[in-house]
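Student: Next come the chains, spelled out residue by residue.
2 protein chains.
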Amino acid sequence: MSRSLHASGAVARADAHPSTTPLDRWLGTKLQSSIARSGVGVELWDGMSFRPDGPHVGDLLIRDRRALIAVLVNPDLQYGELYSAGRIEVRGDLPRVVDAISRLAIDAPLSWRERLALWTERPNALVRARRNIHHHYDLGNDFYRLWLDRQMVYTCAYYPTPDAALEEAQLAKMDLVCRKLRLRPGDTVVEAGCGWGALALHMARAYGVRVKAFNISTEQIAYARDRAWREGLGDRVEFIQDDYRNVSGRFDVFVSVGMLEHVGRRNYASLAAILRRVIDRPNGRGLLHFIGRDRARPLNARTRRRIFPGAYAPPLSEVISDVLEPARLSVLDVENLRIHYARTLRHWRERYTAAESDVRAMFDDAFCRAWRLYLTASEAAFAIGFLQLFQILFVPASADAIRWTRADLYAEPVGAPDAAR
Amino acid sequence: MSRSLHASGAVARADAHPSTTPLDRWLGTKLQSSIARSGVGVELWDGMSFRPDGPHVGDLLIRDRRALIAVLVNPDLQYGELYSAGRIEVRGDLPRVVDAISRLAIDAPLSWRERLALWTERPNALVRARRNIHHHYDLGNDFYRLWLDRQMVYTCAYYPTPDAALEEAQLAKMDLVCRKLRLRPGDTVVEAGCGWGALALHMARAYGVRVKAFNISTEQIAYARDRAWREGLGDRVEFIQDDYRNVSGRFDVFVSVGMLEHVGRRNYASLAAILRRVIDRPNGRGLLHFIGRDRARPLNARTRRRIFPGAYAPPLSEVISDVLEPARLSVLDVENLRIHYARTLRHWRERYTAAESDVRAMFDDAFCRAWRLYLTASEAAFAIGFLQLFQILFVPASADAIRWTRADLYAEPVGAPDAAR
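Same order as they appear, the protein sequences are chains H and L.
Residue numbers for the first sequence follow the numbering used here, so the first one is 4 and each next one is one higher.
Residue numbers for the second sequence follow the numbering used here, so the first one is 4 and each next one is one higher.
Incorrect hints may appear among the rest.
Said to hold, decoys possible - Footprint (simulated), chain H over chain L, 3 or more residues, beta carbon under 8 Å: (1) 95-106; (2) 138-151; (3) 197-211; (4) 386-394.
Claimed, not checked - Here are the simulated distance ranges between beta carbons: (5) P416(H) to R239(L): 36 to 44 Å; (6) A357(L) to E170(H): 39 to 47 Å; (7) T32(H) to S251(L): 40 to 48 Å.
Stated by the list, open to error - Partial list, derived from the structure: chain H residues whose beta carbon lies under 8 Å from chain L: (8) L30; (9) T32; (10) L34; (11) L107; (12) I323; (13) L335; (14) E338; (15) S401; (16) R409; (17) A410; (18) Y413.
Just so you know, these hints were derived from the structure itself, not from any lab.
Ideal Cβ positions, reconstructed from N, Cα and C, are used throughout, including at glycine.
The shape of chain H in the complex, shown without the other chains (with noise of 0.2 Å):
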């Protein structure tokens, strides 16, 4: 696709960089090469602008040279850290800018950084997955209820219906995990990764199981605690602040939502082995929730510098051949809800925006811009089809207890069971 050269903004700003040389105007255009397809141009600081043919979907504004030269070196750390700094604009709908660019990527082979992210990828020791999970889930309760839904449920919402609201979803998306695992009053059930806690009290309330849930997060175990004893639930849910890797006991059931992404599959064999053993029953089930991809590949650079270190979105492929198969586990449903993530997201993002006043009280404008980003950036990696998410549920081998069909987690509305049934 040619380029078309514009010299718009015929004044240059006053406080700006000096004029673009030659050299910024040649590196303006590859960048701009880089996203034609996206339709999104480019525009130095000088007013100096770069536009594709066809429909224009908004701008980059690069703010100085050093910005130019590091976005076009390594575009997929850089775009993130500069828009965050303030030194890369976006003119127009961001959302829009951002999934246009996001698209590129798609079917883009694996650069050597990507490569080379998955070959060193290093180990989530104990140690280490603290610090992690400290890094991102401890920025402070009052930061997540800002723009989360009521009950704090920081992961993939389900929506019965398309316009359903937030709260809906969330209390429908912990129902289908209870309806998929077949919860009945009385089971045992561990929970891995437990977040603020809404899903163990939910299986309590709802279907009068008895919950061992673990995480590792101070703040969110110390919420959840407060929550479990204010709710009456103390006696049948038990938070527990420690790693997975020590769950001890067995169960009739095992759930994890949005923990197996900070697991990294380094430790998909001590994973293996704690599934294997904890729902070790005839009647043992078991359901991971998590965000996966459909090929190998690391997460984005800059997310795995500032906002999920230690993250990884596994292949459906290899969380089933290198985690439930060495377990000895058979898998009976597979759901991909990516689009309802693309949607949780979005209500996210929306609900963000509309409390960013409040969270640039608590924290500086880079950090306001990066969460503006990340959220943008994520709702279109699942909207596109970069990021996937899935649920498996599963049985040991030679269960007996498995589902004549499927027909009975749609017989009624999710999102209000009692606890009777």
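On the provided structure of chain H, position chain L as indicated by the hints.
Tutor: For chain L alone, coordinates are given in the frame of chain H:
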């Protein structure tokens, strides 16, 4: 477990081998010991018997010394060979005995023979594939008509309720496949491995799509073409006697029910290339329905030799990693229907047993016994989780036409669709 030793049957049969020697009896205890946990006993040709402690499920009657040695040396092959030859007989309920012995294998590590079979599997080249398929599927339509449903569907059915009849369940299976694929009037569909054509005809008749259906079995294709013209669908369904590797063109939908087992994993890369090409459209979607495993393991040695040469039931992870991921296809839904295949096989076995006098008019006694055992053992394999039946629904990575939830699959009873919808 200890064994008790009875010298039952006071008088040796007149036509039997000479009496057992001490060595025979020692081998008899070895054989009984290898199946002791099943509750099945062993009786030798002179009436010498070996029974397990605890509940007694039935007995294997070993008719001669060479049979005793052969089954000890290579049980995976010889149980079937010797049963078919009448040199091993079963006293007691055949399905119960087969089920009990099959359960012993489920947690067993792979034997050296199984490892070898995995390593030495040969690719099913075109010529070899034709021979293998001819071996099984060209036994004669009259034979299969004796015990299949009216529509001659020779794959796992789907029972909306456990007490559904076979005819109803095969129709429901075809309808479930159509619903998963969201067939709409005017869609173009390619079917790889179409059997006697029932699904292709159902799709065209009930959903108004146009189908190209491939199969290399001569008898099946002739039957299917005849049926298409008789039912007035000859202009909408084209039956092509050719290998799936020769599929050309692009389609809205790819579907394959019960063919992947015959592809063999050495051909997964070429299947991936075909899949990537044929549904490379924004609204493309595909479904693979196949017999799988929950870990890599060859099929039973006798099944590979006598029943399905060249066949291989892959672990779910292998199909995703070696077929779908290289084709840049994204998994939307996986359903494990193994208990439905156990039920299907029970229905087939019951019909087969009822029609055995007709089978005997077509084939010899060894054939009758071999098929009786094959149907019985297959039922056991699915019932106990030794084999799985997977349906995988997938779309190109960047597809945008994805169902919102699976609720529509269950919104009305399967099996009686309008062509109009």
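Student: Now tell me if each hint is right for this structure.
Tutor: For each hint, the structure was consulted:
Under the rule that three or more residues need a Cβ within less than 8 Å of chain H, the assignment of the region 95-106 of chain L is violated, with 1 such residues. Counting residues of the region 138-151 of chain L whose C-beta sits closer than 8 Å to any C-beta of chain H gives 0, which falls short of three, so the coverage hint is violated. With 0 residues having a beta carbon nearer than 8 Å to a beta carbon of chain H, the region 197-211 of chain L misses the requirement of three or more and the stated coverage is violated. By the rule of at least three residues with a Cβ nearer than 8 Å to a Cβ of chain H, the coverage given for the region 386-394 of chain L holds, with 4 such residues.
At roughly 39 Å, the beta-carbon separation of P416(H) and R239(L) lies within the given 36 to 44 Å, and the hint holds. Between A357(L) and E170(H) the CB atoms are about 58 Å apart, so this pair departs from the stated range of 39 to 47 Å. The given range of 40 to 48 Å is respected by T32(H) and S251(L), whose C-beta atoms sit roughly 41 Å from each other. At about 30 Å, the closest approach between the beta carbon of L30(H) and any beta carbon in chain L exceeds 8 Å, and the interface hint on this residue is violated.
Nearest Cβ of chain L to the Cβ of T32(H): about 27 Å, over the 8 Å cut. The hint is violated. Interface hint at L34(H): violated, since its Cβ lies 24 Å from the closest Cβ of chain L, which is beyond the 8 Å cut-off. The interface hint given for L107(H) is violated, since its Cβ lies 11 Å from the closest Cβ of chain L, which is over the 8 Å cut-off. Annotation: interface hint on I323(H) holds; nearest CB of chain L at approximately 4 Å, less than 8 Å.
Restraint check, L335(H) versus chain L: the minimum CB separation of about 5 Å is within 8 Å; hint holds. For E338(H), the shortest C-beta to C-beta distance to chain L is roughly 6 Å, which falls under 8 Å, so the interface hint holds. With its C-beta approaching chain L no nearer than about 5 Å, S401(H) sits inside the 8 Å limit, and its interface hint holds. The interface hint given for R409(H) holds, since its Cβ lies 7 Å from the closest Cβ of chain L, which is under the 8 Å cut-off.
Checking A410(H) against chain L: minimum C-beta separation of about 4 Å stays under 8 Å; hint holds. Evaluation of the Y413(H) hint against chain L yields a held restraint, the C-beta minimum of about 4 Å falling below 8 Å.
Comparing the model with each earlier hint shows violations of hints 1, 2, 3, 6, 8, 9, 10, 11; every other hint is respected.
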